[in-house]
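Colleague: Put chain B on the given structure of chain A with help from the hints.
As a plain string of letters, each chain reads:
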Amino acid sequence: MSKITNVLLVGVGGQGTILASKILTHVAMAQGYEVKMSEIHGMAQRGGSVVTQVRMGENVYSPVIEPGEADFIVAFEQLEAYRWAHFLKKDGVLIVNTQKIVPLTVLIGAQTYPKTILSDLKERVERYIELDGLKLASEAGNAKATNVVLMGVLSKYMNFPEDTWKNALEARIPAKLLELNKIAFALGVAEAK
Amino acid sequence: MKKLMTGNEAIARGVYEYGVGVAAAYPGTPSTEILENIVKYPEVYCQWSPNEKVAMEVGIGAAIAGARSIVAMKMVGVNVAADPLFTVAYTGTRAGLVLVSADDPGMHSSQNEQDNRLYAAFAKIPLLEPSNSQEAKDMVGLAMEISEAFDTPVMIRITTRIAHSQSFVELNDPQERIIKTYERNQSKYVMLPANGRARRLVVEERMHKLADYTETVAVNYMEMDDPTVGIITSGISYQYVKEALPKASVLKLGLTNPLPSGLIKEFAAKVDKLYVVEELEPYMENEVRRLGINVVGKELFPPYGELSVRMVGEKISGQPGITVAPAFDSPVRPPVMCPGCPHRGVFYTLKQLKLIVSGDIGCYTLGAMAPLQAMDTTICMGASISAGLGMIKAHPEMAENMVAVIGDSTFLHSGITGLMDVVYNGGNLMTIILDNSITAMTGHQHNPSTGQSLMGQPAPQVDFVALCKALGIKRVTEVDPFDLTRVKEVIKSEVAAPEPSVIIAKRPCALIIKNTEKPLQVQDCSGCKMCLKLGCPALSFDEENKTAQVDQALCTGCGVCINICKFNALRKAGDGNV
Numbered sequence: 001m002s003k004i005t006n007v008l009l010v011g012v013g014g015q016g017t018i019l020a021s022k023i024l025t026h027v028a029m030a031q032g033y034e035v036k037m038s039e040i041h042g043m044a045q046r047g048g049s050v051v052t053q054v055r056m057g058e059n060v061y062s063p064v065i066e067p068g069e070a071d072f073i074v075a076f077e078q079l080e081a082y083r084w085a086h087f088l089k090k091d092g093v094l095i096v097n098t099q100k101i102v103p104l105t106v107l108i109g110a111q112t113y114p115k116t117i118l119s120d121l122k123e124r125v126e127r128y129i130e131l132d133g134l135k136l137a138s139e140a141g142n143a144k145a146t147n148v149v150l151m152g153v154l155s156k157y158m159n160f161p162e163d164t165w166k167n168a169l170e171a172r173i174p175a176k177l178l179e180l181n182k183i184a185f186a187l188g189v190a191e192a193k
Numbered sequence: 194m195k196k197l198m199t200g201n202e203a204i205a206r207g208v209y210e211y212g213v214g215v216a217a218a219y220p221g222t223p224s225t226e227i228l229e230n231i232v233k234y235p236e237v238y239c240q241w242s243p244n245e246k247v248a249m250e251v252g253i254g255a256a257i258a259g260a261r262s263i264v265a266m267k268m269v270g271v272n273v274a275a276d277p278l279f280t281v282a283y284t285g286t287r288a289g290l291v292l293v294s295a296d297d298p299g300m301h302s303s304q305n306e307q308d309n310r311l312y313a314a315f316a317k318i319p320l321l322e323p324s325n326s327q328e329a330k331d332m333v334g335l336a337m338e339i340s341e342a343f344d345t346p347v348m349i350r351i352t353t354r355i356a357h358s359q360s361f362v363e364l365n366d367p368q369e370r371i372i373k374t375y376e377r378n379q380s381k382y383v384m385l386p387a388n389g390r391a392r393r394l395v396v397e398e399r400m401h402k403l404a405d406y407t408e409t410v411a412v413n414y415m416e417m418d419d420p421t422v423g424i425i426t427s428g429i430s431y432q433y434v435k436e437a438l439p440k441a442s443v444l445k446l447g448l449t450n451p452l453p454s455g456l457i458k459e460f461a462a463k464v465d466k467l468y469v470v471e472e473l474e475p476y477m478e479n480e481v482r483r484l485g486i487n488v489v490g491k492e493l494f495p496p497y498g499e500l501s502v503r504m505v506g507e508k509i510s511g512q513p514g515i516t517v518a519p520a521f522d523s524p525v526r527p528p529v530m531c532p533g534c535p536h537r538g539v540f541y542t543l544k545q546l547k548l549i550v551s552g553d554i555g556c557y558t559l560g561a562m563a564p565l566q567a568m569d570t571t572i573c574m575g576a577s578i579s580a581g582l583g584m585i586k587a588h589p590e591m592a593e594n595m596v597a598v599i600g601d602s603t604f605l606h607s608g609i610t611g612l613m614d615v616v617y618n619g620g621n622l623m624t625i626i627l628d629n630s631i632t633a634m635t636g637h638q639h640n641p642s643t644g645q646s647l648m649g650q651p652a653p654q655v656d657f658v659a660l661c662k663a664l665g666i667k668r669v670t671e672v673d674p675f676d677l678t679r680v681k682e683v684i685k686s687e688v689a690a691p692e693p694s695v696i697i698a699k700r701p702c703a704l705i706i707k708n709t710e711k712p713l714q715v716q717d718c719s720g721c722k723m724c725l726k727l728g729c730p731a732l733s734f735d736e737e738n739k740t741a742q743v744d745q746a747l748c749t750g751c752g753v754c755i756n757i758c759k760f761n762a763l764r765k766a767g768d769g770n771v
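Sequences listed follow chains A and B, in order.
Under my numbering, the residues of the first sequence are numbered 1 to 193, in order.
Under my numbering, the residues of the second sequence are numbered 194 to 771, in order.
What the hints contain is simulated information worked out from the structure, not anything from laboratory work.
Computed from a predicted model, the values in this text were never measured in an experiment.
Note that beta-carbon positions come from the ideal geometry of N, C-alpha and C, so glycine has one too.
Check each hint, because a few of them may be wrong.
Claimed, not checked - These stretches of chain B come out as covered by chain A in the derived footprint (C-beta under 8 Å, 3 or more residues): (1) 352-364; (2) 528-535.
As the list claims (entries may be wrong) - Simulated crosslink set (EDC-like; lysine to aspartate or glutamate; CA at most 20 Å straight-line): (3) B:LYS699 - B:GLU710; (4) A:LYS144 - B:ASP744; (5) A:LYS122 - B:ASP522; (6) A:LYS100 - B:ASP735.
Said to hold, decoys possible - Simulated restraints, written as ranges between beta carbons of each label pair: (7) A:PRO114 - B:LEU364: 44 to 50 Å; (8) B:VAL383 - A:LYS176: 56 to 62 Å; (9) B:LYS759 - A:ASN167: 54 to 60 Å; (10) A:LYS176 - B:ASP717: 42 to 48 Å; (11) A:THR98 - B:ILE572: 42 to 48 Å; (12) B:ASP569 - A:PRO114: 32 to 38 Å; (13) A:LYS176 - B:ASP419: 52 to 58 Å; (14) B:ILE486 - A:ASN167: 49 to 55 Å; (15) A:ASP120 - B:ILE572: 38 to 44 Å; (16) A:PRO114 - B:ASP717: 30 to 36 Å; (17) B:LYS722 - A:ASP120: 26 to 32 Å; (18) A:ASP120 - B:PRO527: 18 to 24 Å.
In isolation and in its complexed conformation, chain A is listed as follows (with noise of 0.2 Å):
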């Protein structure tokens, strides 16, 4: 069988990311690759958590991925990275945006939101990048390029040449916001050095 590679995008309703996954695709296809991708709805608008599964390779039955089968983990969120983390390959990289989205579950105080994420993760997991991605994309002009940053970070760590990472922000993002996306994703690349 074929290599496949798995990419799965974790967040929470709103947090952008479809365009995320929008951009991964665009990528993927450029390379002539069969991709495929799934994604739960529903109820997402209402800060629910969302999952984004993104397979690309030769010949790609399933859309979904198994728990300990992502090869990338993009995390937009700190719980979400712990929830998912399970998810992640051996020697799969995870990447973690430390921003963090109390559920309404802590909020009303029925659960405490754990204080030791990045601590757990960064133990378990080899190849852990984290972030504050929030941070890189108001530099950038504007918070919601948060998305766009965590690409670039993610960019850095698989094999596609970087005109086509370009090719698909030009592809996938209106004109008046391409330039502030453009800075964002270089912010994100930086990161990833």
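Modeller: What follows is chain B alone, placed relative to chain A:
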């Protein structure tokens, strides 16, 4: 040209390419995006109907009149549409008629997990099961062909993983959209018992013809490889089988009612051990057993939930695999009512007044979650009012603290008849219509009360007050759900009233009308945490300072929490000295 599309987008593309003239639906996850994508092809007339039965009947009428028609709904919607479905199976239609049933194994966003393939068998109509987006598109064309060749409605059954997963689709130019002339045919379309009895025989003859057709149709085929393991499969399960067991021989079935008994026997004879891999019910498995063939199916796989590559591989190879448990214990993140949601204050008040709440289906079902937990029952679309009536008929004294709660779209879907029953049978029930002027939970679709059609045309708006009065409700009150003092006062007086009443809590969905108010400020907070009982994502407790805090990015300034705070600590920006 090749494009990455979800199954729902691909079905819409099929509608465009295969000459469909009319499409109708009621939104429901995971089917909603089918119509939301059809509307992007202005050549096709499409509409939201008030419910699935109406959508089905619009499709039936259009197909009898001569246009290829498609109707789409989530699986529980087919329950609502079952009445016309079972009889149009007798009549057939002049042009193609296709029903898309979007099932939800795993219940990602549904109240039950019914396997609608059984509906196709029950109604005696052909059933197609795509296993990726390309097939989803192609099967719209095939379904129309079968529908017209055999004069029968056809069901396309997808599941969440087909509906919401993207895979490649080859785009083609659209066929010509031909609307046939209408031809009157009473004996075929007027289902009086005498005509029905004649058509009943036609249904049986048709199934016999389809039984031959299904043996040779291109979507039913064998992929022979290792003869020791043979797997019969369909839909998304096919993808799991191919990835888990690339060497196994496979009988891939796309047309699964009627099932090809000859092909199944032939395949069974070629392999040493035969399996059926299918999600939910043993639908194909039972048929294989009926043919007297030894097969393994639900002994290995559960009749509930989704299958996976790993599960298929482990169960069939017989080798217990690795179990990957969650690495850490993480607090759950369930969906919540948004900051500024007009429903929140109403549920807070219902909880405060300790009312028994007969609930319904929509965003407001989230009123059942902590910390509000203000809901006693939720069964199906429209059940709040009628089930509430049943409760007070069982316990008349319960009317004093009983309320039915329903949204605008759900009320129009199937709440009106319940309210009529309340009036007719003298039920002293209070009903609250939460009118946020949109079908919110499924992603903001228009409905007969919103003033706009799916195709963007202005539409007349249902007048809820006039409608309730016409049904015979004398006590109809409108309230602003942000004005909690008034909400509480009205609920108290209406629940005590000796006759049925309706309260219309009217305020647009917070995601549609963005509030221009500034976020609230906190000053002189006593730290009593009362405001946290609202369950607003913008409110939290600052453990260091022992005060409530307002998330300035999330707060919409709706001010509902101001009503709750006894210490005047939550203030509109600019009030007092903030």
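Colleague: Take the hints in turn and mark each one as holding or not.
Modeller: Hint check:
1. 352-364: It holds, with 7 qualifying residues against the three required.
2. 528-535: With 4 residues close enough to chain A, the hint holds.
3. B:LYS699 - B:GLU710: Distance ~18 Å between LYS699 (chain B) and GLU710 (chain B) Cα, so the pair holds.
4. A:LYS144 - B:ASP744: holds (17 Å)
5. A:LYS122 - B:ASP522: The hint holds at about 16 Å.
6. A:LYS100 - B:ASP735: holds (15 Å)
7. A:PRO114 - B:LEU364: 44 to 50 Å: 47 Å Cβ-Cβ, so the 44 to 50 Å window holds.
8. B:VAL383 - A:LYS176: 56 to 62 Å: Distance hint for VAL383 (chain B), LYS176 (chain A) holds at roughly 60 Å.
9. B:LYS759 - A:ASN167: 54 to 60 Å: At 59 Å between Cβs, range holds.
10. A:LYS176 - B:ASP717: 42 to 48 Å: Holds, at about 44 Å.
11. A:THR98 - B:ILE572: 42 to 48 Å: Since THR98 (chain A) and ILE572 (chain B) have Cβ atoms about 43 Å apart, the given range 42 to 48 Å holds.
12. B:ASP569 - A:PRO114: 32 to 38 Å: holds (34 Å)
13. A:LYS176 - B:ASP419: 52 to 58 Å: holds (56 Å)
14. B:ILE486 - A:ASN167: 49 to 55 Å: With a Cβ separation near 53 Å, ILE486 (chain B) and ASN167 (chain A) satisfy 49 to 55 Å, so the hint holds.
15. A:ASP120 - B:ILE572: 38 to 44 Å: Given a distance of about 42 Å, which is inside 38 to 44 Å, the answer is holds.
16. A:PRO114 - B:ASP717: 30 to 36 Å: holds (32 Å)
17. B:LYS722 - A:ASP120: 26 to 32 Å: holds (29 Å)
18. A:ASP120 - B:PRO527: 18 to 24 Å: Given range 18 to 24 Å: holds, Cβ gap about 23 Å.
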